[in-house]
Structures are given as structure tokens and as C-alpha cells.
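Asker: Below are the chains, spelled out letter by letter.
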Amino acid sequence: KAGVTQTPRYLIKTRGQQVTLSCSPISGHRSVSWYQQTPGQGLQFLFEYFSETQRNKGNFPGRFSGRQFSNSRSEMNVSTLELGDSALYLCASSLDLQGKTQYFGPGTRLLVL
Amino acid sequence: AQSVTQLGSHVSVSEGALVLLRCNYSSSVPPYLFWYVQYPNQGLQLLLKYTSAATLVKGINGFEAEFKKSETSFHLTKPSAHMSDAAEYFCAVSDPWAAGNKLTFGGGTRVLVKP
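Going down the list, the protein sequences come from chains D and A.
The letter at position 14 of the first sequence is residue 14 when you use my numbering, and the numbering goes up by one with no holes.
The letter at position 66 of the second sequence is residue 66 when you use my numbering, and the numbering goes up by one with no holes.
Everything labelled a hint here was simulated from the structure, so no lab data went into it.
The reader is advised that the hints may include incorrect statements.
Coverage of chain D stretches by chain A, computed from C-beta distances (three or more under 8 Å per stretch; other residues unrestricted) [stated by the list, open to error]: (1) 31-42; (2) 48-61; (3) 70-80; (4) 100-108.
With the C-beta cut set under 10 Å, the calculated list includes, among others, these residues of chain A facing chain D [what the hints assert, rightly or not]: (5) 44; (6) 46; (7) 54; (8) 100.
Just so it is clear, CB atoms sit at the ideal spot from N, CA and C, and this is done for glycine as well.
Could you put together the complete structure from these sequences and hints?
Answerer: Put into C-alpha cells, the structure is as follows:
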């Protein structure tokens with residue numbers, strides 16, 4: 001069974017731009033979560049989607065948003081990029097909202113110049 | 001709120017020596033606990049998980065961890081380090097009673113294996 005896939009793997013943007021990252025969960029998994037990883041703040045939870053609805057949200061500004069499609073694929077969007085948004089963005093999938101075990105993709109490394 | 005503390009941001013071990021990575025948690029309810037490993041330029045790979053069954057949990061690559069409620073700890077061990085164990089390791093906690101799969105991570109421990 002294929003793992004979690006994320007596209008693109010690398011991205012360079014400039015301040016003020018917006019970016020969209022994509023995640024395809026493991027086949028059959030219906031929950032998708034997003035995390036931001038930075039050297040200073042570590043791994044931080046952004047949000048979780050299940051059945052096309054946001055179920056949990058971390059402590060990030062409204063510039064960070066996401067959505068989930070009927071096939072469970074998810075996208076996250078960051079608008080008005082700031083230098084501090086440079087990070088590795090990790091997507092994780094779970095079977096459902098009770099499974100608790102999350103399987104991570106390889107991440108998208110975003111560099112904001 | 002839950003939190004995780006990993007003691008030691010860097011650990012250096014000799015090849016063949018014991019690997020011990022420390023993780024302590026804070027939670028109002030008995031949590032689910034996880035260890036993940038991250039190799040350079042990769043995502044997180046699940047090593048093992050504790051979900052209220054046996055307190056000694058065996059994972060992949062020869063790793064194991066023991067849940068000790070009295071010490072609020074979930075330390076990760078491997079009897080004999082291999083060069084391929086050089087990576088960063090993350091302990092994480094989730095609330096089994098909460099809806100959703102949110103993980104709260106520790107700061108990570110980077111392991112260096114010396115030949």
C-alpha cells in the first residue's frame with residue numbers, strides 16, 4: 001500500500017506570495033493532519049480534516065488554511081507569506097478520528113525569501 | 001493540556017552500545033504515546049506506540065519502550081546501536097479521549113553514532 005504523498009517536495013516563494021501544498025493520504029485513510037516543523041518551534045500541529053470538515057485546529061494565524069476533498073486528499077494554503085513561514089510542512093494520515101496512529105509523508109520544504 | 005519533554009537534545013553513542021532516549025509526559029489522563037524517527041530530509045517514521053495494552057512495547061529496528069505511569073515516562077531503548085540509527089527521534093503524546101488524532105511532540109533528540 002502506498003504511503004502518504006506530498007507535493008511539491010520543495011518550494012521557494014517570496015514574502016507576500018501565497019502557496020498551496022498538497023497531500024494524498026494512505027488509501028482508505030480518511031483523516032489528514034498538517035504539522036509545521038521549524039528548528040526554533042519544533043513540530044507544531046496546524047489542523048486536522050476528516051470527511052471534508054476541519055475537526056481540530058492549532059494555534060496558527062488565519063493565513064494558514066486547509067481543505068479536504070471527497071477523496072480524502074487535502075491541501076493547505078498559506079497566504080501573505082512571511083519569512084517565518086519557512087519550514088518543513090508535514091502531512092499525516094489516520095484511518096479515522098479514533099485511530100490515533102498517524103503516518104507521515106515526506107514533507108514539503110518551503111523557503112520564503 | 002498535554003506536554004512532552006525529551007531530556008537531551010543531542011545524544012552520542014558508540015556503535016554497539018546501548019541507546020537510551022528519555023521522554024517524560026504531562027497529561028491529565030493516561031495518554032497514548034508514540035516514538036517517531038526522522039532521517040535527514042525525510043518525514044517521520046513510526047517506531048512504536050503505547051495504547052494502554054502491554055506497558056513494554058516493541059517496535060521496529062530493535063527499539064522498545066516502557067510505559068511507566070508512576071514516573072510519567074516512556075523512554076526508548078535499543079540494546080546495541082548501529083550506524084543506521086543516526087537520526088532524530090521524537091516522542092509524542094495524544095489524548096485517547098479527545099476526538100481527533102492531534103499529536104503533541106517533544107523537542108526531539110538527535111542521535112550520533114560513533115564507529
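Asker: Now, for every hint given, state plainly whether the structure supports it.
Answerer: These are the hints, each one checked on the structure:
For the stretch 31-42 of chain D, the assignment as covered by chain A holds, since 4 residues bring a beta-carbon within under 8 Å of that chain's beta-carbons and 3 suffice. As drawn, the stretch 48-61 of chain D meets chain A at 5 residues by the rule of a beta-carbon pair under 8 Å; at three or more, the given contact holds. Check result for the stretch 70-80 of chain D against chain A: violated, 0 residues qualifying (beta carbon to beta carbon below 8 Å, three or more required). Remark: the stretch 100-108 of chain D is confirmed as covered by chain A, as 8 of its residues place a Cβ nearer than 8 Å to a Cβ of that chain, reaching the required three.
Contact between residue 44 (chain A) and chain D, as hinted, is supported at the beta carbon level, the nearest pair being about 4 Å apart and thus within 10 Å. Contact between residue 46 (chain A) and chain D, as hinted, is supported at the beta carbon level, the nearest pair being about 7 Å apart and thus within 10 Å. For residue 54 (chain A), the shortest C-beta to C-beta distance to chain D is roughly 16 Å, which exceeds 10 Å, and the interface hint is violated. Because the smallest distance between the Cβ of residue 100 (chain A) and any Cβ of chain D comes to about 4 Å, under 10 Å, the interface hint for this residue holds.
Checked against the numbered hints above, the structure breaks hints 3, 7 and satisfies the rest.
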